[in-house]
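Kindly generate the complete structure, drawing on both the sequences and the hints.
Residue numbers 27 to 256, in our numbering, belong to the letters of the sequence shown in order.
No lab work stands behind these hints, which were simulated from the structure alone.
Warning: the hint list may mix true and false statements.
[Claimed, not checked] Computed cross-link-like contacts, DSSO-like style, restricted to lysine-lysine with a CA-CA straight-line distance of at most 30 Å:
id, residue 1, residue 2
1, Lys172, Lys162
2, Lys172, Lys183
3, Lys117, Lys162
4, Lys60, Lys179
5, Lys43, Lys60
6, Lys162, Lys179
7, Lys117, Lys183
8, Lys172, Lys117
9, Lys179, Lys117
Since the structure is predicted, the reported quantities are computational estimates derived from the model, not experimental observations.
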Amino acid sequence: MSLFAIGDTHLSFGTDKPMNIFSGWDDYVPRLVKNWEALIGPDDTVVIPGDISWGIDFRESEPDFRFLNELPGTKLIGKGNHDYWWTTRTKMEAFFAECGFSTLHILHNNAYEAGPYAVCGTRGWFFDDESPEDAKVLNREVGRLKMSLEAAKATGKEPLPFLHYPPVMSQRECEPIMDVLRESGVTRCYYAHLHGNAIAGAFRGERDGIQFELVSADALQFCPLLIERF
27 MSLFAIGDTH
37 LSFGTDKPMN
47 IFSGWDDYVP
57 RLVKNWEALI
67 GPDDTVVIPG
77 DISWGIDFRE
87 SEPDFRFLNE
97 LPGTKLIGKG
107 NHDYWWTTRT
117 KMEAFFAECG
127 FSTLHILHNN
137 AYEAGPYAVC
147 GTRGWFFDDE
157 SPEDAKVLNR
167 EVGRLKMSLE
177 AAKATGKEPL
187 PFLHYPPVMS
197 QRECEPIMDV
207 LRESGVTRCY
217 YAHLHGNAIA
227 GAFRGERDGI
237 QFELVSADAL
247 QFCPLLIERF
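Shown next as structure tokens:
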């Protein structure tokens, strides 16, 4: 059994949103499938921290979920900034059950056990929270991160947080999110969201006792990152 991560699958089987207009994204779906099937077995778990599907609702996203469901392993799905299909966890889980998507699970205000770890996390938010609306969203995300970390700790296993937005960059950080991570005592954190030229500005390394790693799909060359075998 192993734990993997890859974010930003940006699937669009149910809508017209080609990703090959961006550098490095040519034939990315066959590349993703080839790498996924070479690495991941039915007993493995894959965390996908956001930007799963370009569909704006369940109808448009269903082919993307079906595609992911049929890949090997259990998938833990977080929210990204482009997941317009996202709604309440109850509605999403009911839709997955109705469609028979038994390998897909929603990561939202909760945690999932994977070997010695408890996977947790939330979307996160931007670095700047100057407007009242931004501050409101950021505070909500801080609360969700705390709730998810508490759920992880309740399992008695090591919490592993996954965010969509990066909580830290080379020259700046999202202080409210970072404060939660520091206070929680976690030692590792994974994030996605950054693409293309932005990848060069990603922070990969240790800060304040926490090891950070970028797992967006193109940063990984569409090959899921092995976090640990257990």
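Verification of the hints:
no., hint, in the structure
1, Lys172 <-> Lys162, "holds (16 Å)"
2, Lys172 <-> Lys183, "holds (16 Å)"
3, Lys117 <-> Lys162, "holds (24 Å)"
4, Lys60 <-> Lys179, "violated (35 Å)"
5, Lys43 <-> Lys60, "holds (22 Å)"
6, Lys162 <-> Lys179, "holds (26 Å)"
7, Lys117 <-> Lys183, "holds (28 Å)"
8, Lys172 <-> Lys117, "holds (23 Å)"
9, Lys179 <-> Lys117, "holds (26 Å)"
Consistency with the previously given hints fails for number 4 only.
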